[in-house]
Amino acid sequence: MAKIRIPTPLRAFTGGAADIDVAGATVGAALSSLVEQHPELRDHLFEKDELRSFVNVFIGDEDIRFLQGLDTEIAAGESLRIIPSIAGGRG
Amino acid sequence: MNKIHARLADLSHDEVRRYSRHVIMPEVGMEGQRRLKASSVLLIGTGGLGSPLALYLAAAGIGRIGLVDYDVVDFTNLQRQVIHGVSTVGLSKLDSAATRMLDLNPDIVVVKYNEPLTSENALRIFSQDWDIVIDGTDNFPTRYLVNDACVKLGIPNVYGSIFRFEGQLSVFYGEKGPCYRCMFPEPPPPGLVPSCAEGGVLGILPGTIGTMQATEAIKLLLGIGDPMIGRMMLYDALELSFHTIKIRKDPTCPVCSVPKEDIVLIDYEQFCGMPAHDHSEYSTVEDADDISIKSVSVHDMRAALENGDDVVVIDVRDPHEWDISAIDGALRIPKPDIQLAKNGIQAGRKLWEETVLLEIPKDKTLYVHCRSGKRSADSIAYLSEIGYDLDKMYNVEGGILAWADEIDPEMPKY
Chain A
1473 MAKIRIPTPL RAFTGGAADI DVAGATVGAA LSSLVEQHPE LRDHLFEKDE
1523 LRSFVNVFIG DEDIRFLQGL DTEIAAGESL RIIPSIAGGR G
Chain B
97 MNKIHARLAD LSHDEVRRYS RHVIMPEVGM EGQRRLKASS VLLIGTGGLG
147 SPLALYLAAA GIGRIGLVDY DVVDFTNLQR QVIHGVSTVG LSKLDSAATR
197 MLDLNPDIVV VKYNEPLTSE NALRIFSQDW DIVIDGTDNF PTRYLVNDAC
247 VKLGIPNVYG SIFRFEGQLS VFYGEKGPCY RCMFPEPPPP GLVPSCAEGG
297 VLGILPGTIG TMQATEAIKL LLGIGDPMIG RMMLYDALEL SFHTIKIRKD
347 PTCPVCSVPK EDIVLIDYEQ FCGMPAHDHS EYSTVEDADD ISIKSVSVHD
397 MRAALENGDD VVVIDVRDPH EWDISAIDGA LRIPKPDIQL AKNGIQAGRK
447 LWEETVLLEI PKDKTLYVHC RSGKRSADSI AYLSEIGYDL DKMYNVEGGI
497 LAWADEIDPE MPKY
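Taken in sequence, the protein lines are chains A and B. Residue numbering for the first sequence follows our numbering, beginning at 1473 and increasing consecutively. Residue numbering for the second sequence follows our numbering, beginning at 97 and increasing consecutively.
Note that these hints are calculated values from the structure, not bench results. Incorrect hints may have been included.
Quick list of simulated restraints, FRET-style, between CB atoms [to be verified]:
1. A:1473 <-> B:415: 25 to 35 Å
2. A:1550 <-> B:181: 47 to 57 Å
3. A:1473 <-> B:393: 30 to 40 Å
4. A:1550 <-> B:363: 36 to 46 Å
5. A:1483 <-> B:390: 27 to 37 Å
6. A:1473 <-> B:281: 24 to 34 Å
7. A:1497 <-> B:501: 54 to 64 Å
Source: prediction; values computed, not measured. We put the beta carbon where it would ideally sit given N, CA and C, even for glycine.
Using the sequences and the hints given, assemble the complete structure.
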């Protein structure tokens, strides 16, 4: 069991929840568990079965793109986070 | 940064006194303060992030500060843009900010660029001897533009971004680490991430992130500490948590991993599929400009409602906006729900996505409104893509703001 941190822009699709407990031994399995629990997230994270290119998933402080992507294994005690693209500031 | 560290400016006795709390710290000292006076920082945006940046960098004695903005001060800015005031509402943000900065510190020079930053003017503006650029913009096209121009010219870009209660901070410096594109190779699709005008922002948040950006700028200029190159700080105000992640340089990055002379500034509005600023003529395929959407004035809508015409009014604003003001009897369905339903249907799924649509009749005239008319036009465009008749849908001109202005003066505006 690992936790995934949901960024503010996506919390509209998790009923406002910031941390979601997920099952799975790899990042891919954990994200599948996430979208099973919150189907509305699927379109925002996946395009068919591929993670969308603007979605940044980190395990600990590392980007999974520089590890083994969705095959990256989750060690005990590690948590995941989705890092959003946000652009606010001038307005 | 060597050219910065080599430059020193003379300080007057008054300036030594003004900066005495800096000068007595060994990390700054007389030499550091003279460096700050000899240095120059360009701020993109004089709004939420730009306000604390401009104030603190002016107070800290950065000798030359540039401001790029084209907007005028609006009353609704004052919740967070603390460099402006009631006395400057209606004035240009540049003049408002420059006046306040020079009141705080008349020994600095403020350079004003009263224009939106574009691919056409960015290299001209950025080339005017700036040691650091600080990105305090509010949209994706300008963020990619700032990044690419900074990498091309070898200028560090102190990045800060905010949304609701969440902030991000990093230093993107292509010569010494990753750039914005290494972290965010592509922008999210239009409509997924609302702007602060649509999504809201805690007024204090730009103060928190903006002052951290100012701190990073000072560290870079003085060559002290551990700047946020290759790292991003994530701030959550509700938890009061700070979390730092690593950002790696992407060896295939189309911008910071190619020779600088090969970096070309592109059409960033096209790249992001969204306009960069509200003076932009850019429109997206799903934008109201590209299809012919009918509109109805608030007066005609009132007449129709009073006549008992068979029309359905749909309010596509977010739920918390309904608490501020609402038109009686309107069906309330937020725009993102309509967008998701459209996406779901177009992707061939017919599960939960269709449920919000069950409430919207296909055979009746629909009057769709939001705050001022943009989200409602988008919603009509989405509905027209999934089988709703464009001839039966009307965008309420000026949204609930027009209703408040012209029909119900008791209604609060926001």
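Consistency of the hints with the structure:
1. A:1473 <-> B:415: 25 to 35 Å: 32 Å, holds
2. A:1550 <-> B:181: 47 to 57 Å: 48 Å, holds
3. A:1473 <-> B:393: 30 to 40 Å: 56 Å, violated
4. A:1550 <-> B:363: 36 to 46 Å: 41 Å, holds
5. A:1483 <-> B:390: 27 to 37 Å: Since residue 1483 (chain A) and residue 390 (chain B) have Cβ atoms about 35 Å apart, the given range 27 to 37 Å holds.
6. A:1473 <-> B:281: 24 to 34 Å: 31 Å, holds
7. A:1497 <-> B:501: 54 to 64 Å: Taking Cβ atoms as reference, residue 1497 (chain A) and residue 501 (chain B) lie about 58 Å apart, which means the hint holds.
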